[in-house]
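**Q** Residue strings, one per chain:
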Amino acid sequence: MLGKLIKHEFLATWRLMLLLDAVLAGIGIFGFFVMGSIHNLEGLENNDALGWIVSSYVLWFILYMLGILAVNIGTLIFLMIRYYRNLYSTEGYLTFTLPVETADILHAKLITGYVWLFASGFLTAVSVLLMVVGLFGAFPASERAEIVEGFMELLGHVGPGVWVLCVIYALLYPLVSLLTIAFCISVGQLWQKHKIAGAVVCYIGVHIVNRIVTTVFSFGRMINGLRGGLADFEFGKYYSVTLWEFLIYSAVAGGIFYVVIRYINSHKLNLD
Amino acid sequence: MNEILCCRDLTKIYENGRPAIDNLNLNLNAGRIIGLLGPNGSGKTTLIKMICGLLVPTSGALFVDGMPVGPFTRALISYLPDQTYLNHWMRVDQIIDYFADFYADFDMRRAYDMLAGLGIDPRQKLKTLSKGNREKVQLILVMSRHARFYVLDEPIAGVDPAARDYILHTIVSNVDSGATVLLSTHLIADVEGILQEALFLQNGRIALYDSTENIRNREGKSVDELFREVYRCWGN
Numbered sequence: 001m002l003g004k005l006i007k008h009e010f011l012a013t014w015r016l017m018l019l020l021d022a023v024l025a026g027i028g029i030f031g032f033f034v035m036g037s038i039h040n041l042e043g044l045e046n047n048d049a050l051g052w053i054v055s056s057y058v059l060w061f062i063l064y065m066l067g068i069l070a071v072n073i074g075t076l077i078f079l080m081i082r083y084y085r086n087l088y089s090t091e092g093y094l095t096f097t098l099p100v101e102t103a104d105i106l107h108a109k110l111i112t113g114y115v116w117l118f119a120s121g122f123l124t125a126v127s128v129l130l131m132v133v134g135l136f137g138a139f140p141a142s143e144r145a146e147i148v149e150g151f152m153e154l155l156g157h158v159g160p161g162v163w164v165l166c167v168i169y170a171l172l173y174p175l176v177s178l179l180t181i182a183f184c185i186s187v188g189q190l191w192q193k194h195k196i197a198g199a200v201v202c203y204i205g206v207h208i209v210n211r212i213v214t215t216v217f218s219f220g221r222m223i224n225g226l227r228g229g230l231a232d233f234e235f236g237k238y239y240s241v242t243l244w245e246f247l248i249y250s251a252v253a254g255g256i257f258y259v260v261i262r263y264i265n266s267h268k269l270n271l272d
Numbered sequence: 001m002n003e004i005l006c007c008r009d010l011t012k013i014y015e016n017g018r019p020a021i022d023n024l025n026l027n028l029n030a031g032r033i034i035g036l037l038g039p040n041g042s043g044k045t046t047l048i049k050m051i052c053g054l055l056v057p058t059s060g061a062l063f064v065d066g067m068p069v070g071p072f073t074r075a076l077i078s079y080l081p082d083q084t085y086l087n088h089w090m091r092v093d094q095i096i097d098y099f100a101d102f103y104a105d106f107d108m109r110r111a112y113d114m115l116a117g118l119g120i121d122p123r124q125k126l127k128t129l130s131k132g133n134r135e136k137v138q139l140i141l142v143m144s145r146h147a148r149f150y151v152l153d154e155p156i157a158g159v160d161p162a163a164r165d166y167i168l169h170t171i172v173s174n175v176d177s178g179a180t181v182l183l184s185t186h187l188i189a190d191v192e193g194i195l196q197e198a199l200f201l202q203n204g205r206i207a208l209y210d211s212t213e214n215i216r217n218r219e220g221k222s223v224d225e226l227f228r229e230v231y232r233c234w235g236n
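Respectively, the protein sequence lines represent chains S and V. Mind the numbering: the first sequence is residues 1 to 272 in my numbering, read in order. Mind the numbering: the second sequence is residues 1 to 236 in my numbering, read in order.
Possibly wrong hints are sitting among the right ones.
Mimicking DSS-like on lysine-lysine, the simulated pairs with C-alpha atoms at most 27 Å apart in a straight line are [what the hints assert, rightly or not]: (1) LYS195(S) with LYS268(S); (2) LYS193(S) with LYS125(V); (3) LYS193(S) with LYS268(S); (4) LYS125(V) with LYS4(S); (5) LYS7(S) with LYS221(V); (6) LYS125(V) with LYS7(S).
Hints are computed from structural coordinates only; laboratory data are not their basis.
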């Protein structure tokens, strides 16, 4: 039955999700060509036309960032609305009377949502990469090695372990995002009235706790590490330990959210 | 006769502290058309939601065909809620596919025959249908299952007399022999002709449960007349 739930979840979401992903891909390809055209500025003198062109690049970059942000947030909001409507509005009368395990309803939502969030995250990464490659191509070959060196310097010559942790975190992040939203919506439906307001209040609470914990992890460790001066600060170790802490925190929080959602859906379902 | 529903000390208390269902003990025999009758707020919908697993009892136990509420009992029950629960963006044929996918007892031919009888195009999206036709589609979906237990919450509330006749005809003509129908309503005069048993609820408790024939013989009046009399008394 889980397979059938997933199938119908994809059928219900694929149109809008593919459209949003196509927009992301389009933004990425467009970014590649725009950034690749920067070398055309080299021959221009410092005049009004140059100022106008630079301004248009800046404006384009702002729109690019906003576009990517809007598509990613749009994906999350769509999944959020779908989760709420399908489970806790009148549609829930059908969803929760299907002859399936209640847990499978949640699993189908998580699996489908994960695929879409991962796809938009992946396309965002590809989009940024395309822009960087486009920009990189605008520089002479002799300068490219220097740019790479400067970039690595900026990152503090982190080891491969940190990159592996980054990838694991990137894989975990969509799942934890979905669980956070599902948790807040599920807690919100416990309210007899104003269920959406309840979900929003819960989300604000979770967000505040997240901010406090991540600030303590990242800034606390950085301030501690900088006591000996910037020269002695070990960037690689800082990134590695902080990422581990983020990973463990996210996994634990996601696990708690999952258990609470399961409990609410099986013991505290409150469909008016 | 098999027992399709068994409630033991079933209680549901909402946040306001008022018991919507109060220590209810009930056994429903299979193969009957039973009217779940009572005024607004008597606990009809709460009881139905607990039977279908949409509400969790505060205490007590509930068994459908001898099993606690879960995926197996949901496979036995064909539930019609008192509001539209379908995705409006879906086409009628997509919803039929959806039901056929999940319910092994769903009869696609029966569904398409009933749609054709109403002149509803299966390629139409639900949002383009009138409210009345959306409700009829929902009824068709529910009655196209060869279910053991039909649980119908206010199927004739808020519809015109012609639609009521259609709905009641659809219910009676599609119930397989041996299946049970639990039909909640407060429009008793309209359904009395099809009811075999009547279960009166008042303040979450059973006020009366008997066959409609016994009620009529014993009381010398129709179930509708008795209902009006009994609830008028309780209202004073």
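**Q** Now tell me if each hint is right for this structure.
**A** Each hint tested on the structure:
Between LYS195(S) and LYS268(S) the alpha-carbon distance is near 14 Å, which keeps this suggested pair within the 27 Å criterion. Note on LYS193(S) and LYS125(V): the hinted pairing is violated, with a Cα-Cα distance of about 31 Å set against a maximum of 27 Å. Distance check on the hinted pair: LYS193(S) and LYS268(S) sit about 15 Å apart at the alpha-carbon level, within 27 Å; holds. Note on LYS125(V) and LYS4(S): the hinted pairing holds, with a Cα-Cα distance of about 22 Å set against a maximum of 27 Å.
Between LYS7(S) and LYS221(V) the CA atoms are separated by roughly 54 Å; this puts the pair beyond 27 Å, and the hint is violated. Of the supplied pair hints, the one linking LYS125(V) and LYS7(S) holds, its CA atoms being roughly 20 Å apart against a limit of 27 Å.
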